[in-house]
Structure formats: structure tokens, C-alpha cells
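When you get a sec, could you build the whole thing from the sequences and use the hints?
Line order of the protein sequences matches chains A and B.
Residue numbering for the first sequence follows the working numbering, starting at 1 and increasing by one per position.
Residue numbering for the second sequence follows the working numbering, starting at 1001 and increasing by one per position.
Please note that a few of the clues may not be correct.
As the list claims (entries may be wrong) - In the DSSO-like style, the derived pairs of lysine-lysine whose C-alpha atoms are separated by at most 27 angstroms in a straight line are: (1) B/K1034 x A/K82; (2) A/K170 x A/K82; (3) A/K170 x B/K1034.
To be verified - Chain A stretches covered by chain B per the calculated footprint, using a threshold of three residues with CB under 8 angstroms from any CB of chain B: (4) 117-129; (5) 135-145; (6) 153-161; (7) 185-191.
What the hints assert, rightly or not - Reference listing, derived: stretches of chain B covered by chain A, where coverage requires no fewer than 3 residues with Cβ under 8 angstroms from a Cβ of chain A: (8) 1003-1015; (9) 1031-1039; (10) 1051-1064.
I should point out that these hints are in silico values taken from the structure, not numbers from a laboratory.
Note that CB positions come from ideal geometry on N, CA and C, so glycine has one too.
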Amino acid sequence: MSNGLPIALGYLPVAITFGILGRQAGLSVAAVTGMSAWVYAGASQFLAVKMIASGAGFFQIILATLILNFRHFLMSTVLARKIEVSANKAAALSYWVTDETFVLASVHARPGGLSALGFFTMAVLAYLAWVSGSFAGGMFADLIPVRIVDGMGIGLYALFIALLIPSARKHWQFALVAALSALTAWGLSRLAPGLSEGWTLIAATLGVSALGTLLPDAESEP
Amino acid sequence: MIWLLAGMFLVTYIPRLVPFLFARQLDLPPWVQKWLKFFPYAALGALIFPGILTAVPGRPALAAGAGILAAVSALFIRNITVIVVLAIAAVLLLQNIGIP
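This is the structure in C-alpha cells:
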């Protein structure tokens, strides 16, 4: 089980950016830090800040958050079947399911599953990076070199690519599914620009994975 | 603000939690299990593209180039942290030349 360092590295600049944008939208340092600590779902936090700045109402923001974050339902479904834990611990672990912890845990885990402790240590490091980065961005918004933080935004994409390549090389089925899913997400973003990122991800994941079930099995299961 | 955060917390946490309470014991038919097996890879594809084109604000080619560098590095390097650092370093170094 790999540790959370690559996720933490990827989160840090994004969290700092979130802190800066949150302050620009009029939130306090406590509010941006609190949102990261309580909600802990990057894309929805950026959306909420944007909506707050444009004067959206309480229920509009809650609904948008639900829609954007519902994709975690799919991710938890996969992880719940891979991580061996009691119901109590599951309640705690599930809090740390994000796009990044999900892909790292499900793709990078050794065959045969994944320990609760392994997921926990990885996820907590990622969480600390997200919360402390948001605090730093909010606290020191004026001092932070935005260009450098912007440039570091590539980190999470490098993480996703680094996770995908080894599996894609081992099993062409995974490579094909990932490529078709990317094309689907791109197509949806072009054809239905109103569709939220969350639904795009859900539609591409459910739809293209279903096509994947038609592919012949890999000789050795991952 | 506290109520907004509490509301956002609830609607985010519940979808994360529910499968951990129910999906574990379910005896799923083989085709559903196979379907689930592809989720991470489909999610990865959709997370990478087209989002990577806006990873570095206003610099789609630079971001795509760093993505290709990460992909090539991943052929030789197993350590994910190293690949993340390489991609970030490449963008920071090349940010000052005129790649769009």
C-alpha cells in the first residue's frame, strides 16, 4: 500500500489556490479552513465559493454540492468491497474517499485487497495537506506567488497518469476503457456544457465500464 | 456560514458512507463485479482528460506536454511521487518560455 505523499503533493497547491479564492470571495480564514476540514471535496468547494461570490442561496449551493459529490457513491461502492473493516471503522474511513484516494487505493493496492490501516494512513496525510494548504492559502493570500501555485496544479494530473500507465500496460482492457472514458468525458463536455463535472464523471464511469464488461477477461486478474 | 458548511458536509458525507454500510455484504452477480472492476480505470480516464488542458491556467500545451512527460516517465519509474515532482518541475521550469 503506497503512502499518501503523491496525493499530498498534488493537493497542496490546489488547496492553497482554494484558500486564496475563498478569501477573495469574502470568506474568513476560519471558513475556508473549516470548509476544507468538514466538506473535504475540492471541486465542490471551488464551486461553492464561486456560488457564494455570485450570491447564490443556501439550498442552491447544497444541491450543487450533492450533485457534484454524488460520484463518491460509486467510489465508496468499489472501496467498501476491497477494504476489510468493521462497520464502525467504515464510517470513519468513508469520510476520506476522494477521487484521488479512490484511484490510488483501488489501482495501486496490491492484489488481494487493501488494509484499513493502509488506506487510513494514506488518506490522513492527503487530508492534512488539503486542510493545511487551505489555511495557508487563506492566511497568506497576498504573499503567495500565484504563478508557482498555478504551475504546480499539474501535480494531480501527473498522479492520475502515473497510476494509469502501469495498469494500462499490463491489461489492454484497462487502457481501452480509460481511453474511451476520456473521450466520453470530452464529448460530454462539448455536447452538454451544462452538465456538471460530477455527472460527466459518473456517466463516463458507469457507461464505459459497462462496455468493459463485454471485453474478454484478462488472463491474470489484477 | 456554519449551516452552509454543515449542509455541505452532510450531502457530501452520506454518499461516501452509505456504500460502506450496505455494499460490503451484498452478493453481487459476476457481471456487476466485472463492471465495478473497470470503475477506477474509467474514472482515471475521465479525470485526466479533458481536465488536464486547464491544469495550468491559460497554458493547455504546457500542461499537455507535462502530462506526456508524466506518461513517459511512468514507463520507467514506478515511484509515483517522483513522477508528480517531475511534472511539477517541468511546468515550473518551462513556464517562462512561450509555450501556450
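Status of the hints after comparison with the structure:
no. : hint             : in the structure
1   : B/K1034 x A/K82  : holds (14 angstroms)
2   : A/K170 x A/K82   : holds (20 angstroms)
3   : A/K170 x B/K1034 : holds (17 angstroms)
4   : 117-129          : violated (count 0)
5   : 135-145          : violated (count 0)
6   : 153-161          : holds (count 9)
7   : 185-191          : holds (count 3)
8   : 1003-1015        : holds (count 11)
9   : 1031-1039        : holds (count 7)
10  : 1051-1064        : holds (count 6)
Against the hints set out earlier in the document, violations occur for numbers 4, 5.
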